[in-house]
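Asks: This is what each chain is made of:
There are 2 protein chains.
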Amino acid sequence: MPEIDANRLLKDLYAAREIGKYKTGVHRPTYSPQDVESRHWLAGRLADAGLEASIDGIGNVYGLDPRPGRKLLLGSHMETQNRAGWLDGVMGVIYGLEIARALGTGIDVAAWADEEGHFGSFIGSRSFCGLLTEQEMDVCSNRETGQSLRDALREAGFSGRARRLIDQARYRGYIEAHIEQGQELEDHHLRIGVVTAIVGSRRYRIEFKGQQNHAGTTRMAIRKDAGVALVKLAAAIEAAFPKIAGPRTVWTAGDIKLDPGAPSIVPGGAELVFQFRDTDPAILDALAAKLDELIVEANQGPCEVHIAYHSATEPAAMDAGFRAALTTAAQGRAPGLHQAMPSGAGHDAQILSHRLPSAMLFVPSIGGISHHYTENTRDADIVLGCQVMADACAALLEKV
Amino acid sequence: MPEIDANRLLKDLYAAREIGKYKTGVHRPTYSPQDVESRHWLAGRLADAGLEASIDGIGNVYGLDPRPGRKLLLGSHMETQNRAGWLDGVMGVIYGLEIARALGTGIDVAAWADEEGHFGSFIGSRSFCGLLTEQEMDVCSNRETGQSLRDALREAGFSGRARRLIDQARYRGYIEAHIEQGQELEDHHLRIGVVTAIVGSRRYRIEFKGQQNHAGTTRMAIRKDAGVALVKLAAAIEAAFPKIAGPRTVWTAGDIKLDPGAPSIVPGGAELVFQFRDTDPAILDALAAKLDELIVEANQGPCEVHIAYHSATEPAAMDAGFRAALTTAAQGRAPGLHQAMPSGAGHDAQILSHRLPSAMLFVPSIGGISHHYTENTRDADIVLGCQVMADACAALLEKV
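As they're listed, the protein sequences go chains A and B. Using the numbering used here, read the first sequence as starting at 1 and increasing by one per residue. Using the numbering used here, read the second sequence as starting at 1 and increasing by one per residue.
Think of the hints as simulated: they come from the structure by calculation, not from any bench. Glycine included, C-beta positions come from ideal geometry on N, C-alpha and C. You may find that some hints are simply not true.
Incomplete in silico selection of chain A near chain B, CB under 8 Å [to be verified]:
hint: 1; residue: Ala6
hint: 2; residue: Leu10
hint: 3; residue: Lys11
hint: 4; residue: Ala15
hint: 5; residue: Glu18
hint: 6; residue: Ser148
hint: 7; residue: Glu186
hint: 8; residue: Ala215
hint: 9; residue: Thr252
hint: 10; residue: Asp255
hint: 11; residue: Gly261
hint: 12; residue: Ala262
hint: 13; residue: Val266
hint: 14; residue: Gly268
hint: 15; residue: Ala345
According to the in silico footprint, chain B covers these stretches of chain A (three or more CB under 8 Å from chain B) [to be verified]:
hint: 16; region: 27 to 34
hint: 17; region: 169 to 182
hint: 18; region: 216 to 224
hint: 19; region: 234 to 247
hint: 20; region: 271 to 281
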């Protein structure tokens with residue numbers, strides 16, 4: 001079995017943490033100076049490891065093994081959410097780097113641009129998989145600043161470069177390691193999660209149109225209160241969904257807005273941002289049908305209710321053979337301290353799974369904290385995760 | 001009976017409409033240049049009518065009858081909500097001016113500052129009634145711009161002036177005319193409303209504290225979703241209040257905010273702005289007790305729920321003798337086309353009623369529209385309202 005170098009792994013992770021450091025975490029939004037610096041730093045580390053390092057026209061960083069033979073592709077992402085954790089993304093990238101060093105051959109490493117969605121949805125991995133058009137790139141912009149993707153790439157120094165496309169024949173498959181971002185492993189005193197599937201999601205913005213009026217002089221009987229219509233639908237969802245949901249289904253009303261939102265005005269408009277996720281397409285479909293039914297019922301009231309925006313991603317099953325390799329490796333290094341589990345969050349592996357057998361490995365998040373600068377994982381768990389993944393890679397490459 | 005001059009009345013109202021004109025309405029926030037201009041214009045019109053005109057240290061405009069004898073005080077307000085209607089407030093003031101002219105003696109006129117609450121709660125009429133302290137004035141500020149009341153008064157040119165205090169012995173009572181701001185008169189094809197009482201209100205800001213988390217990785221069973229707690233309480237209110245409410249009770253959830261309000265984040269905090277109104281203190285108390293009970297129940301869930309802000313105004317009954325005088329006058333000029341009704345909105349008359357017998361008269365609002373630039377009342381109704389009020393004043397002053 002290959003042995004990883006725990007000190008070398010942690011040293012690289014600590015070094016990456018300094019780039020855009022924020023309190024105990026990192027602030028490294030996609031294509032920010034800090035993010036660009038981290039990509040150049042990574043390219044340097046990949047080159048030091050004997051890989052052919054490059055950054056392409058979407059900002060993806062690659063370290064390619066120049067030797068012949070089929071490869072495993074290992075990767076994740078460098079950028080972070082705002083003022084977020086130090087391991088979310090970069091841990092999976094540095095695992096790739098360390099495993100490339102430990103195994104000597106057979107490993108390519110990639111850092112996908114913008115997994116965190118500052119400019120779009122998985123634009124880095126979709127670009128590599130041939131799933132991102134130039135037309136879509138023309139209309140992507142920063143969700144906070146409004147800066148266009150084209151301008152951001154120009155400022156970052158990446159525009160004008162070709163975007164690398166996947167060579168499917170080159171790869172045995174793709175593996176991504178990530179922090180769990182939940183507290184299931186911790187709650188069960190486990191150290192490794194082998195992902196069964198990445199959830200699919202349905203996302204909605206539901207609009208309610210009533211009639212704005214004076215809150216003192218408008219009698220209840222004649223009101224068309226958009227806020228009340230929203231509250232009733234949201235409560236109906238909370239009552240209905242548990243009867244249909246699977247054991248792992250999650251649903252979230254992440255935002256509510258009333259218009260005009262003043263104490264003494266009956267709201268004339270309202271908006272509900274709602275989503276749900278599961279690994280089972282049948283459950284997603286059943287929940288979507290129930291939501292449609294509840295919206296039809298809501299329209300029996302005095303307000304108009306309609307879906308203003310809707311998007312869907314399908315669940316992505318992880319490769320059975322790769323899962324078996326990860327499970328065997330986990331059992332070897334941490335007997336009984338691992339489990340199979342879905343990923344409730346989206347990851348680049350769901351994109352890569354369209355092109356390659358793909359798999360994911362989770363390590364525990366302390367307290368389940370994610371997307372916050374206090375996110376953390378014990379050093380021993382970081383090291384164990386990398387060793388398990390290295391063992392699985394060696395097995396899949398028939399190096400053992 | 002005194003006869004008012006309909007053309008003179010409408011001409012003054014049209015003139016006032018030009019000051020801060022916005023589309024078919026008016027934008028004249030308290031102490032804005034337009035509001036200050038309107039106060040000086042009014043003082044001029046009051047002086048032209050032979051009244052002693054002045055503006056005091058809170059911006060109240062007075063026109064006092066210099067002749068001996070007990071007076072009736074007639075008034076309302078000059079400022080408007082933002083981009084609001086042309087009659088809301090100023091109509092009652094110009095009624096006072098016209099009735100002073102029509103009756104010759106016995107009428108004082110007042111325009112109270114900031115009934116619309118840009119800086120506080122009824123600060124003009126409360127100042128006159130001795131219910132506004134210097135300490136409260138020190139902390140009042142503009143709810144939109146944050147400008148302090150003291151700075152606003154300085155800019156308006158009113159600071160340093162004394163604030164006039166009521167001389168209760170001078171007055172027989174107070175009458176205020178106003179647009180209805182609802183559509184009850186119109187729905188019943190009526191032309192005059194005689195107000196029985198001004199509703200009392202209870203106003204709340206209710207805070208919900210849960211735990212912010214990732215919407216994909218946090219299982220439903222362990223969530224502390226502040227938004228769900230809010231939705232459940234708001235739905236419980238909607239279910240419970242109709243069973244306790246009187247026929248005229250109104251309740252309104254005017255605003256809802258989720259924190260952080262992002263699609264993929266379980267809300268860690270939430271806020272509900274809620275109020276209810278009725279003329280019956282027993283109903284207000286019963287609703288308040290039910291709300292307290294629902295909040296106790298809400299705290300059985302995973303989130304903390306508490307009242308962060310609470311204020312109350314008590315219902316203000318209108319004087320029976322004044323109501324009778326208004327009803328007799330309405331029957332004389334518009335037989336069968338008037339009704340007794342509560343005021344669902346707050347008015348300066350509820351403050352004056354602490355010091356003087358007080359009454360209010362409503363004229364219809366077309367389509368019930370209020371606090372919007374399309375607010376309007378038919379000219380014939382404007383004229384009728386003023387004539388009815390003039391008749392009632394003459395009767396109360398024993399001039400008939």
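Asks: Give a verdict on every hint.
Replies: Hint-by-hint comparison with the structure:
Hint status for alanine 6(A): violated, given a least beta-carbon distance of 27 Å to chain B, over 8 Å. Given the 8 Å rule on beta carbons, the hint for leucine 10(A) is violated: about 25 Å separates it from the nearest Cβ of chain B. Taking 8 Å as the C-beta contact cut-off toward chain B, the hint placing lysine 11(A) at the interface is violated, the least distance being around 29 Å. With 8 Å as the threshold, the beta carbon of alanine 15(A) stays out of range of chain B, its nearest partner Cβ sitting at about 27 Å, so the hint is violated.
Hint status for glutamate 18(A) relative to chain B: violated, with the closest Cβ pair at about 26 Å, above 8 Å. Nearest Cβ of chain B to the Cβ of serine 148(A): about 22 Å, over the 8 Å cut. The hint is violated. Taking 8 Å as the C-beta contact cut-off toward chain B, the hint placing glutamate 186(A) at the interface is violated, the least distance being around 12 Å. The interface hint given for alanine 215(A) holds, since its Cβ lies 4 Å from the closest Cβ of chain B, which is under the 8 Å cut-off.
For threonine 252(A), the suggested interface contact is upheld, since its CB lies about 4 Å from the closest CB of chain B, less than 8 Å. The beta carbon of aspartate 255(A) is positioned within 8 Å of a beta carbon in chain B (closest approach about 4 Å), and the interface hint is therefore held. Annotation: interface hint on glycine 261(A) holds; nearest CB of chain B at approximately 4 Å, less than 8 Å. A cut of 8 Å between beta carbons decides the hint on alanine 262(A): the least distance to chain B is about 5 Å, and the hint holds.
For valine 266(A), the interface hint holds, the least distance from its beta-carbon to any beta-carbon of chain B being 6 Å, beneath 8 Å. The beta carbon of glycine 268(A) is not positioned within 8 Å of any beta carbon in chain B (closest approach about 10 Å), and the interface hint is therefore violated. Look at alanine 345(A): its Cβ gets to within about 4 Å of chain B, closer than 8 Å, so that hint holds up. Coverage of a stretch by a chain is defined here by at least three residues with a beta carbon nearer than 8 Å to that chain's beta carbons; for the region 27 to 34 of chain A and chain B the count is 0, and the condition is violated.
Check on the region 169 to 182 of chain A: 3 of its residues sit with their Cβ under 8 Å from a Cβ of chain B, so the three-residue criterion for coverage holds. Three residues within the 8 Å Cβ limit are the bar, and the region 216 to 224 of chain A against chain B gives 6, so the coverage statement holds. With 5 residues carrying a beta carbon less than 8 Å from a beta carbon of chain B, the region 234 to 247 of chain A meets the three-residue requirement, and the given coverage holds. By the rule of at least three residues with a Cβ nearer than 8 Å to a Cβ of chain B, the coverage given for the region 271 to 281 of chain A holds, with 3 such residues.
Of the hints listed earlier, those the structure fails to meet are numbers 1, 2, 3, 4, 5, 6, 7, 14, 16, in rising order.
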